[in-house]
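Student: Quick mapping for you: the protein sequence lines, in order, are chains A and B. Here the first sequence stands for residues 160 to 491, where the numbers follow the numbering used here. Here the second sequence stands for residues 160 to 491, where the numbers follow the numbering used here.
The set of hints was computed from the structure by calculation and includes no laboratory data. Model, not experiment: these values are computed from the prediction. Do not rely on the hints blindly, as some may be mistaken.
For identical chains, the list gives no copy identity; a pair is met inside one copy or between any two copies.
[Claimed, not checked] Capping the alpha-carbon separation at 27 Å, the derived lysine-lysine pairs in DSS-like fashion look like this:
hint, residue 1, residue 2
1, K394, K421
2, K318, K466
3, K318, K426
2 protein chains.
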Amino acid sequence: MAPGPGFSDEKNETLCESESTVYVHNPHLDGMKDDVLYHFNLGTSTHNLPAMFGDVKFVCVGGSPWRMKSFIEYIAGELSLEDPKAEYPNICAGTDRYAMYKIGPVLSVSHGMGIPSIAIMLHELIKLLYHARCTDVTIFRIGTSGGLGLEPGTVVVTKQSVDATFLPRLEQVILGNTVVRSTDLDQGLAEELLQCSKDLGQFETVIGNTMCTMDFYEGQARLDGAFCSYTEKDKQDYLTKAYESGVRNIEMESSVFAAMCKLSGLKAAVVCVTLLDRQKGDQLISSHEVLHSYQQRPQILVGHLIKKMLQTSASASASVLDKKTLLQAPTT
Amino acid sequence: MAPGPGFSDEKNETLCESESTVYVHNPHLDGMKDDVLYHFNLGTSTHNLPAMFGDVKFVCVGGSPWRMKSFIEYIAGELSLEDPKAEYPNICAGTDRYAMYKIGPVLSVSHGMGIPSIAIMLHELIKLLYHARCTDVTIFRIGTSGGLGLEPGTVVVTKQSVDATFLPRLEQVILGNTVVRSTDLDQGLAEELLQCSKDLGQFETVIGNTMCTMDFYEGQARLDGAFCSYTEKDKQDYLTKAYESGVRNIEMESSVFAAMCKLSGLKAAVVCVTLLDRQKGDQLISSHEVLHSYQQRPQILVGHLIKKMLQTSASASASVLDKKTLLQAPTT
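Put together the whole structure using the sequences plus the hints.
Tutor: Now the structure itself:
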């Protein structure tokens with residue numbers, strides 16, 4: 160269900176021949192008079208979504224609303240779009256389910272914790288980008304995670320998101336039946352992020368598999384939940400198997416993020432910092448300052464790539480314009 | 160792992176012979192020097208949890224932080240504990256993961272959306288109640304839901320929480336293996352809530368099964384998500400089967416809430432208002448005012464029961480004291 164004729168931005172069409180749209184896969188949507196994006200407190204009849212969001216090229220999502228506000232302030236500075244007087248209002252201020260901020264072509268949205276919470280947000284975000292007729296959108300999840308065999312503070316760019324049995328899939332129940340979806344991510348984008356980390360030289364970044372679980376305590380083999388029926392050895396055996404299968408970090412949203420972005424044609428990457436090495440402990444006992452500085456790393460990495468991509472895009476546009484000027488130049 | 164000797168409150172022991180503690184089932188916890196409740200920004204070495212929370216008898220949880228703040232303001236008024244100058248500070252102000260408020264014996268905590276989000280909160284809440292040596296705690300989830308065959312605004316008190324195949328169970332993955340847990344709730348408490356609704360006479364309340372899903376759109380047979388591969392008839396057939404199995408509403412947290420409360424010895428009830436009849440639609444198109452008034456119903460019902468239970472407990476205490484006075488009266 161690509162947008163019909165007349166939806167595309169003519170200027171972009173001229174500059175980019177292979178522009179890709181954001182897809183929904185729902186034949187019922189076109190028959191709806193209005194679409195209420197309930198958990199954003201936005202809607203097609205109450206808001207001019209193309210005017211509000213039509214220029215979005217980058218979306219950055221993360222669990223914490225505070226972190227997503229901090230990201231928009233950071234990226235505004237990086238892209239020299241900051242206004243000292245700007246307050247960066249929360250676009251979803253009418254609800255406390257998610258927070259959303261925008262500056263120029265960058266949208267920053269919080270998604271809460273766990274697969275169901277990010278899935279609700281992604282359904283409504285994908286519809287928002289579709290209604291707003293956005294094209295060529297790249298999306299990043301920036302988050303925190305537990306690491307395996309890595310120094311705390313290392314950033315992991317996800318190669319594949321795997322489930323608790325280390326398989327790259329998302330099982331989803333639809334009308335009571337289990338459907339299996341692919342959790343592939345864009346490998347080129349992951350490589351570009353790794354290169355950015357090398358350019359920056361500020362912290363360690365690796366590409367590895369990310370295990371996505373349904374629970375933070377028992378689901379991640381922690382020994383410090385309210386319930387625990389296994390031993391320290393059981394935990395270490397499980398985490399060793401995970402490591403041997405290629406898992407380098409563990410979090411709670413990457414699989415559905417990968418699956419839904421793939422279905423909707425969004426170029427996607429997952430960038431999470433590891434707050435601790437799970438083979439050495441379970442509790443987050445580092446100081447607030449240390450944890451805070453770790454949490455800034457994914458945003459620094461993604462911010463750097465966005466800046467780089469915008470610069471490349473600007474010079475490509477300039478070159479196309481130069482070519483057009485040349486072609487249109489009167490022959491003498 | 161009940162608290163050891165010396166943990167229990169002597170006054171309560173005298174008045175209530177069958178006092179029940181909050182259980183954790185984790186042999187590792189006692190060996191830990193500190194316990195950091197990371198997502199609450201609380202901990203055993205940084206906070207005096209018995210002093211802060213030892214008197215808690217009722218916990219009320221719900222998805223939205225705003226609603227849980229509104230609940231504490233409401234219950235303060237109901238119990239005549241309100242202070243016109245009180246600000247009801249967020250006890251978890253150091254984090255944006257959850258919000259927590261307390262007045263007298265009532266604790267109000269937000270849990271976000273979906274099973275993983277509420278499970279993290281419940282692990283830390285159960286440990287908090289355990290560390291604080293709380294006894295005889297009753298817990299309520301107040302929430303919103305989609306209804307089946309009910310007028311919007313009807314409140315459903317959950318009899319059984321069932322999965323997307325209508326079975327009363329929670330499948331949880333621990334160390335890569337699937338464990339099945341019971342989702343039984345306290346039937347006596349559900350009946351008491353139904354009686355409260357009759358006493359109040361303000362809105363319709365029913366007891367019925369609640370289907371707990373992992374997704375709001377495809378997982379609940381909605382036709383308005385970013386993806387939908389089934390027809391209106393498929394949706395209606397599925398919802399009809401759900402209704403015929405006893406399901407009266409659909410939400411996203413009740414199964415793990417029921418399972419974890421049962422494991423920890425917390426007397427628990429799920430009280431959700433239905434915002435729409437899912438057999439008649441998918442979108443929440445009622446006005447903000449109407450939806451807001453519906454959302455107050457679970458808190459009115461639970462508030463009424465808490466008031467009633469506190470009055471009963473006060474008169475029982477008075478009667479025990481009378482009896483003691485009588486027994487201790489000098490015989491002449």
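Student: Does each hint fit the structure? Answer for all of them.
Tutor: The hints, checked one at a time:
Taking the shortest alpha-carbon separations for K394 and K421, only the inter-copy value of 25 Å comes in at or below 27 Å, while the best intra-copy value is 32 Å. Only within a single protomer do K318 and K466 lie at most 27 Å apart by alpha-carbon distance; the minimum there is 23 Å, versus 54 Å between protomers. When the C-alpha separation of K318 and K426 is checked against a cutoff of 27 Å, the pair qualifies only within one copy, where the shortest distance is 13 Å, while the shortest distance between copies is 44 Å.
Going down the numbered hints, you'll see the structure goes against none, and every one checks out.
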